[in-house]
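For chain A, the structure is supplied; the task is to place chain B on it using the hints.
Quick mapping for you: the protein sequence lines, in order, are chains A and B. Using this note's numbering, read the first sequence as starting at 1 and increasing by one per residue. Using this note's numbering, read the second sequence as starting at 1001 and increasing by one per residue.
Treat each hint with caution, since some may be false.
For lysine-lysine, the following DSS-like pairs were computed, each having C-alpha atoms within a straight-line distance of at most 25 Å [claimed, not checked]:
| hint | chain 1 | residue 1 | chain 2 | residue 2 |
| --- | --- | --- | --- | --- |
| 1 | A | K118 | A | K137 |
| 2 | A | K32 | B | K1205 |
| 3 | B | K1190 | A | K104 |
| 4 | B | K1151 | A | K109 |
| 5 | B | K1151 | A | K32 |
| 6 | A | K21 | B | K1190 |
| 7 | A | K32 | B | K1124 |
| 8 | A | K104 | A | K135 |
| 9 | A | K118 | A | K131 |
| 10 | A | K109 | A | K335 |
Because the hints were derived from the structure by calculation, they are not lab data.
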Amino acid sequence: MATLENTAPGALLTVDGTPLKVSLARSLRRSKLRGALLVLPAMLFLIIIFVIPIAQLLSRSVDDTLVNRALPRTFVAFESWNRQSLPAEAMFEAIFLDITTGEKYTVGKATTRMNYEKPGWRSLIKKSGRKFKKKIKGPPYRDAMIKIDKRWGDVTFWQTLGAMKDPQTLGYFLNAVDRQYDVNKHVIMKEKERRVYVMLWWRTLLLSLIVTVGCLAMAYPVAHLLATLPLRYSNLLMICVLMPFWTSLLVRIVAWMVMLQNNGVVNSTLVWTGILDDEDRLSMMYNFTGTVIVMIQILLPFMILPIYSVMKTIPPSYMRAAQNLGAPPSLAFLKVYLPQTLPGVGAGVILVFIVAIGYYITPELVGGKDGQLIGNMIAYHMQKSLNWGLAAAMGTLLLAAILLLYWVYDRIVGIDNMRMN
Amino acid sequence: MALPAYATAPQRLWHYTYLGICAVVLFFLVMPLIAVIPLSFSTSPFLHFTPEFLRLEPDAFSLRWYRQMIGDCSDPGITTVCSDRWKDGAWNSLRIGIAATILATTLGILCALGLSRPHMPFRKGIMALMISPLIVPLIITASGLFFAFAKWQLVSTFTGMILAHTVLGLPFVVITVTATLVGFDTNLMKAAASLGGTPVRSFFKVQLPLITPGVISGALFAFITSFDEVVIVLFIGGQNQITLPRQMWSGIRQEISPIILAVATILVILSILLLTTIELLRRRSERLRGVSPG
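So here's chain A without its partners, still in its complex pose (with noise of 0.2 Å):
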């Protein structure tokens, strides 16, 4: 509190005596701190049930502290080993008393992790575990584990652990994108029957530029409509426009099944008038250009509604004037109008895209096999084949695309413009 002594003498005073100055910064400070008051729930109830919970996921990447708090004696001996030829006796002795003497559970959870990096493991350590204590009662170990599994003598086998022996590990991601270790932790390919990541991201890529240059070709012409109609009119269009945006995203995707499979609506039409052969019915279901077809009709609100509402700024004057000067329509379409609905354009080119980047219910449900993309994937290693250090390398290379997308959007709209209405 600043008394009447410390004053300049001059000073703008309040009723109660203190400086204005003061007494402003005071009273900001206050309503500042009000303001953090008002956010905070929010901001906390999204840090606890949203940011964390992805943030944790997101370092199971990277984690690999599994198999190393197994196996600890191994990857001791691992750092002594020339990694060329067959490992000696105390490595042998370090991998034997850690499966012996381990967790169980432990064990087994980190095996299953070791499968990823080579097949086969689970199963020679599953089967080593019941053999050893029966058959081998003590040193030497090396040619006593050959003797019950001849794995144990091949140098591949050992070499694998390479890629295992730090905590951390870029392992999934290299996985993510067809690559892995190899025993001086080198990247090198995986071999070529065991690539299906690197063509899978490029399909997800293929796919949202498709969709998205669909979307975009689409609801130019519906969005300009809708800008230069009479609102009378333009009301009862943007209902047709909003009702699919409006509609649960299953009944959707049920509308077109009964629309897409073999004998659907479109099938029977093209039949019926002749168009097509009854035996040559066009197979648009479960497939590539199923999914295409779905999330273009999804997505297409997302693209109009920007584009929409950039148009309708845009004063029909300008076009007028254009031709007044002399210009063709097209010219003036090319010149005048087109250059002012970019940022509409760019808006709903990047929203869409975000969008399709990361579906999973529509590739899902309508995609069939050659329509599967990245969250597919994602959600096949995280229900399934429970890869969860995969799905998370793969959550995060996804999200890191889609955070730069956004940071672009950010750039060409501001998230403060978002307009829901």
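Relative to the frame of chain A, chain B by itself:
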């Protein structure tokens, strides 16, 4: 957008082509939803139009899928699984949706009020955080929540579903209410305060009534998002939380039965009613403000 009288023939041709393209696109948007409606009244257990149905034979029409949807299993010709699951799912969705909407609206209004203060620090950063649930793909959110909720014993619980759906609804409320607050005259709050109103009382008596349109549209978005949400419920719903979308999901994946068309028809009609109501309300408010449409 009428064609001027002096338009040349190519211009006319282009104009009609353009109208044709627009018609095709609008048709593409709406057609599948319309096609579902008649098919839901078909007797046939398949998802396509049978010849009898197209010849409009009375036998081909029935309400059997609607009866099965509400759990009436007295139909002798039932070939699919008939149970109360659809009804229960709808109720569960409604309960989760309402609870999540209330929570999201409360948090969202408070947050928007804070963000709209003139001297709010880190405004942009906070806004970006608030919008982030819309940007992050649902599959990533769902995976993250799955691990967190497993740790907190929230998987397969009602509370867990509400919390997760609140996260998804919050951005809509924050966006719409912040946008509405831009047009709010803060002098009104000062006037209320000078008349002796406490901040809380002036908020409820003065500010809230004026920003109601924004609040309602935000709440509506939040509710629809929750009511239509399927990815998160697949991940954290467990055995206990069967919602309507989840029931539809398993309906599509496992037993493709026309019950799903009946549900779809009802949802399409609900969304048409909703839109018409909004449009009528909008026209009414414009009329009251003395602005005539068109």
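Against the structure, the hints:
no.	hint	in the structure
1	A:K118 to A:K137	violated (29 Å)
2	A:K32 to B:K1205	holds (23 Å)
3	B:K1190 to A:K104	violated (69 Å)
4	B:K1151 to A:K109	holds (18 Å)
5	B:K1151 to A:K32	violated (36 Å)
6	A:K21 to B:K1190	holds (21 Å)
7	A:K32 to B:K1124	holds (15 Å)
8	A:K104 to A:K135	holds (19 Å)
9	A:K118 to A:K131	holds (22 Å)
10	A:K109 to A:K335	violated (64 Å)
Of the numbered hints given earlier, the model fails hints 1, 3, 5, 10; all others are met.
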